[in-house]
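Participant: Let chain G serve as the given structure and place chain B on it in line with the hints.
If you read the protein sequences in the order shown, they are chains G and B.
Residue numbers for the first sequence, in my numbering: 1 to 111.
Residue numbers for the second sequence, in my numbering: 1001 to 1910.
Hints listed in this document are in silico derivations from the structure and should not be mistaken for laboratory results.
Heads up, some of the hints might be wrong.
To be verified - Below, simulated EDC-like cross-link-like pairs (lysine to aspartate or glutamate); rule was C-alpha separation at most 20 Å, straight line:
| # | chain 1 | residue 1 | chain 2 | residue 2 |
| --- | --- | --- | --- | --- |
| 1 | B | Lys1125 | B | Glu1300 |
| 2 | B | Lys1122 | B | Asp1020 |
| 3 | G | Lys20 | G | Glu96 |
| 4 | G | Lys20 | G | Glu98 |
| 5 | G | Lys61 | B | Asp1260 |
| 6 | G | Lys65 | B | Asp1020 |
| 7 | G | Lys61 | B | Asp1872 |
| 8 | B | Lys1122 | B | Asp1258 |
| 9 | G | Lys20 | G | Asp41 |
| 10 | G | Lys61 | B | Glu1018 |
| 11 | G | Lys61 | B | Glu1660 |
| 12 | B | Lys1753 | B | Asp1066 |
| 13 | G | Lys61 | G | Asp41 |
| 14 | B | Lys1125 | B | Glu1376 |
| 15 | G | Lys65 | B | Glu1018 |
| 16 | B | Lys1122 | B | Glu1660 |
| 17 | B | Lys1125 | B | Asp1265 |
| 18 | G | Lys65 | B | Glu1262 |
| 19 | G | Lys65 | B | Asp1066 |
| 20 | B | Lys1122 | B | Glu1023 |
| 21 | B | Lys1125 | B | Glu1018 |
Here the structure is a predicted model, which is why all the values come from computation and not from measurement.
The primary structure of each chain is shown beneath.
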Amino acid sequence: MGEHVPPDLLPGTLDLLILKALAANPQHGYGIAQRLRTVSDDVLQVGESSLYPALQRLLLKGWVKAEWGASENNRRARFYTLTAAGRKQLAVERQEFEHLILAIHKVLNAT
Amino acid sequence: MLGLLRRTWHLLRRRRFEADLAEELEFHRAMKQQELEALGADPTEAAFAARRALGSIALAQDHSRDVWRPLWLLEGVWQDVTYAVRDLRRQPGFAAVAVLTLTLGIGANTAIFSVVNTVLLKPLKAPDAARLVRFVTISGTTSSPVTGAQTFEIWRRQTSVFADVAAHRLEFVNLSGGSEPEQVPLARVTTEFFPLFRARLLHGRPFTADEDRPNGGEVAVMSYGLWMRRFGGDPRIVGQAIAIGRVPHVVVGILSADFDTEQFDPRPDLWVPFQIEPERIDGGNLFVVTGRLKPAITIEMANAQLAVAAADYARTVPVRSNRQTSWLVQPLQDAMVGSVRSSLNLLLASVGLVLLIACANVASLLLVRADVRKREMAIRAAIGAARGRIVRQLLTESLVLSLAGGLLGLAAGTIAIRALLSVAAGSNPFSPGGTDFTIPRIGESGAAVGLDWSVLTFSVLVSAVTGIGFGVLPAFHAARTELSLTLKQAGGAASSSFRRNKARALLVVTEIALALMLLVGAALLIRTSLAFRAVRPGFTPDNVLTLRMSVTATPFETRAGITDLTRNSLERIRAVPGVVSASTTCCMPLETVWQLPFVVASRAQSGLTRAGNLAFHAFGGWTFVSPGYFDVFRIPILRGRDFTDGDTAGAPGVVIINQEMARRFWPSSDPLSDRLIIGRGMRPEYDQDPVRQIIGIVGDVRDTGLNRSPRPGMYVPTAQVPDGVTILNVRLLPLVWVVGTAGEPYSLSVPIKNELQRVSGLPVARIRSMGDVVGESTARTRFDMWLMTIFGCSALLLAAVGIYGVMAYSVQQRTKEIGIRLALGADARSVQRMVVFQGMALTLPGVGIGLAAAFGLTRIMASFLFGVTPRDPLVFMSAPLLLSSVAFIAVWLPGRGACRVDPVVALRAE
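Extracted from the complex, chain G is given alone in its bound form:
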């Protein structure tokens, strides 16, 4: 069961993906993993050993904040919310990423 981010995922991309997953509404760790998996048609399977450290990293940087709340099945779960700084960061990273993808595209399509 290959439960991990594909190793060739570009560095820093996981943070970007998490920020994006949180952009719509607050979500708990499991929910983030679920969302990334379903949205990517099961391509991005994020394991907890990379997901949770990444969340801590975002907490440390102040891009997300965490609060305890009730999950959909009424269990206590820790919900992560994007902060203002996180939203700004998401925009920045997204732009950079698109920049990068564009560059890669150019290289791949060059004759």
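Facilitator: Relative to the frame of chain G, chain B by itself:
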């Protein structure tokens, strides 16, 4: 910056973080299991699969934790530390020598600092103690904290600068009734005393101003200790009467357990209002005055006010004295610490030198080590280690060494100082206003000296500074290695550079110079202690037992009572087997000496000094004794006779003087045909004293201190002392019984004590051999001497180890050279001589510098010395000789190793 804040916040809420993370991950796992079940997996299998993910959960936990940890710190320092420890363990010999050296240095510093901390640095226990001041009277060159009622009244009126002014006096009384009677310390205090020190009472109340007036009633406040010990902590004792002596006192209050002004040794168990009555001799005399400055008033302002008051006083009283008297206040803490400060400063400076030597030693060891590891460092630099990184690695290594030494030193130092204080500290509660003999504030046997945060901080700081201090030089030396050169050199131990050898030589010279200074200091104090031992005090302390008995507020405090008591009891004591002689006195040599003015009757009109009501020729020591006193102490009666039982109140007044008095006041006539008028004009009670015929001359006694020459002294028989004077005396000082014994004095303490209690019904306390009393009088000198000797010997040892290390290494380095010399036919002895010469060439400049420095510095020790000058030739010759001899042995040993070098082996040693 924000990240740092969040990290700190995280660190503070670590446990919360762990719990959150664990719960979060458990939620994750549960959701996963649910999902698997939903997909149709059988529940056990789903649980199993979810649990299989536990491994990755643990990993998640670890990594999440790591995010918050300051990684740079972990990575660098922790790696350096483990590396340093591993490296040191590879060379246990080096590590042991370095750590032990540092243990000695830091331990000695911790020990002294813990005393300095307790005595000088810790504020007094009273709230806002910085505003507390002690009043002193300066007359000529002497200053005294003891005063009388008249002066106290003036001080008490200076309300513009002082919030409270209180007087106190320590006495000893018997507590009877209930269980076994016991002698307890009692403080007589004025009503301001408790407010002054902001004392809290556990039960009841302090004294009222009315109770502090003459005839204000007999009330007492009790210490927490006595209340628990004797009354089982029963609060109903408040309002009841207890018997102090034979006089019932109503207990009005119990002090809280933490009340301690630290001024009393021993701490009082009972407190009674002073009820100062200036006209009564036993009430208005001899006490110590403390005040609290008003807010915003400085010591200088208070002193200016006191100077004005003194001038006013001088105008109203026609004092015609040849001594100028002035009043001052000084911070209470300073007054209590007194002359110990300079003594502790000396020790602190000395112990600092010991640490410097230890540092030099370890630095020199590290230089050697750096030499040996030059190749290793070069390789590390070659494969890309930055120079800063190497310096950091080496500094970490020295910090590991110094912290290990610091930890051991902290333990060793605190234990050692307690041991030393418990044997060296003395106490003397019988000298009004304190003494110069003891160390204040350290508690009984140094119990108050111990480990606290300041000592801990001090040790850690000293360790850290030390580690960097001795590590910096070797670390930079090592990092400066020229790569290509080192790597090209064959073999492990490349020949060391000239610069590095010079650095080591400099360290050794410094060590030796410092060691010599310490040795000179120690030798001077040893000579002082020997001089104290050699002093002939004028009495024989051997085989004399002394016992104290309070007769205050008993029928024995009158002239008739005390005479009967002493006559009956002495008879019984003398009958105890093993007792040779027995007597009593008001005050013991080296503990208390009273001074009274006297007039020589034959020239009563001429040469008198007048001061107020007093007219006198001079002041002289005054002691009342029972017959047989001079026998007990074996003080020779040079002329005339001893007192007998016939010298009673009704018989003509008699006095015995000492040789010094006879020499000074009757240089050409016969004192035995003269008479003395003693204490006339002091108080009405003294005017009852008869004109006394001089009936004998006894040998001089050093009774105010072994280092002070005898002064004129007078002895009068107990039976002829006026009532009022006796009452005052027994209040201030419990009566002393002195017993000459045939053998070990303490072996008779029980039978003598029993005999005394049977006759008097009063408890006996503070049983001491006279030898111990003499010992206590030199306790501080002995304390200084032992510490300086320990420091001196440590310095000697460290310097020897230092020079041995340098020479041994230099021989090892030059094995090849020596081998060649030997192969070419050099005489083995000449090789050894060469090594010794080179070693001594390092020693002698060190000795020279040390001698010069000591010669300049020992002057500051003058006040600690007795019987020896600060530049004593014997000391200045023997200390260098001792140091040179030890250094010679330290260089001779490696020299011997050198001449045993086998040329064949040496030449092959590549």
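Participant: Straight-line Cα separation of Lys1125(B) and Glu1018(B) no greater than 20 Å?
Facilitator: 43 Å, violated
Participant: Taking 20 Å as the top limit, are the C-alpha atoms of Lys1753(B) and Asp1066(B) close enough?
Facilitator: It is violated: about 74 Å lies between the C-alpha atoms, which goes past 20 Å.
Participant: With a cut-off of 20 Å on the C-alpha distance, tell me whether Lys61(G) and Glu1018(B) pass.
Facilitator: 19 Å, holds
Participant: Does the alpha-carbon distance linking Lys1125(B) and Glu1376(B) stay inside the 20 Å limit?
Facilitator: 57 Å, violated
Participant: Straight-line Cα separation of Lys1122(B) and Asp1258(B) no greater than 20 Å?
Facilitator: 16 Å, holds
Participant: Are Lys1122(B) and Asp1020(B) close enough, with their CA atoms no more than 20 Å apart?
Facilitator: With Cα atoms ~45 Å apart, Lys1122(B) and Asp1020(B) exceed 20 Å; violated.
Participant: For the pair supplied as a hint, Lys65(G) and Glu1262(B), is the alpha-carbon distance within the 20 Å limit?
Facilitator: 56 Å, violated
Participant: With a cut-off of 20 Å on the C-alpha distance, tell me whether Lys61(G) and Glu1660(B) pass.
Facilitator: 89 Å, violated
Participant: Given the hint that Lys65(G) pairs with Glu1018(B), test it: the Cα-Cα distance must not exceed 20 Å.
Facilitator: Measuring from Cα to Cα gives roughly 17 Å; hence the hint holds.
Participant: Does the alpha-carbon distance linking Lys1122(B) and Glu1023(B) stay inside the 20 Å limit?
Facilitator: With Cα atoms ~49 Å apart, Lys1122(B) and Glu1023(B) exceed 20 Å; violated.
Participant: Need the status of pair Lys20(G), Glu98(G): alpha-carbon distance at most 20 Å?
Facilitator: 14 Å, holds
Participant: Hey, Lys20(G) versus Asp41(G), does the alpha-carbon distance stay inside 20 Å?
Facilitator: 16 Å, holds
Checked against the numbered hints above, the structure breaks hints 1, 2, 5, 7, 11, 12, 13, 14, 16, 18, 20, 21 and satisfies the rest.
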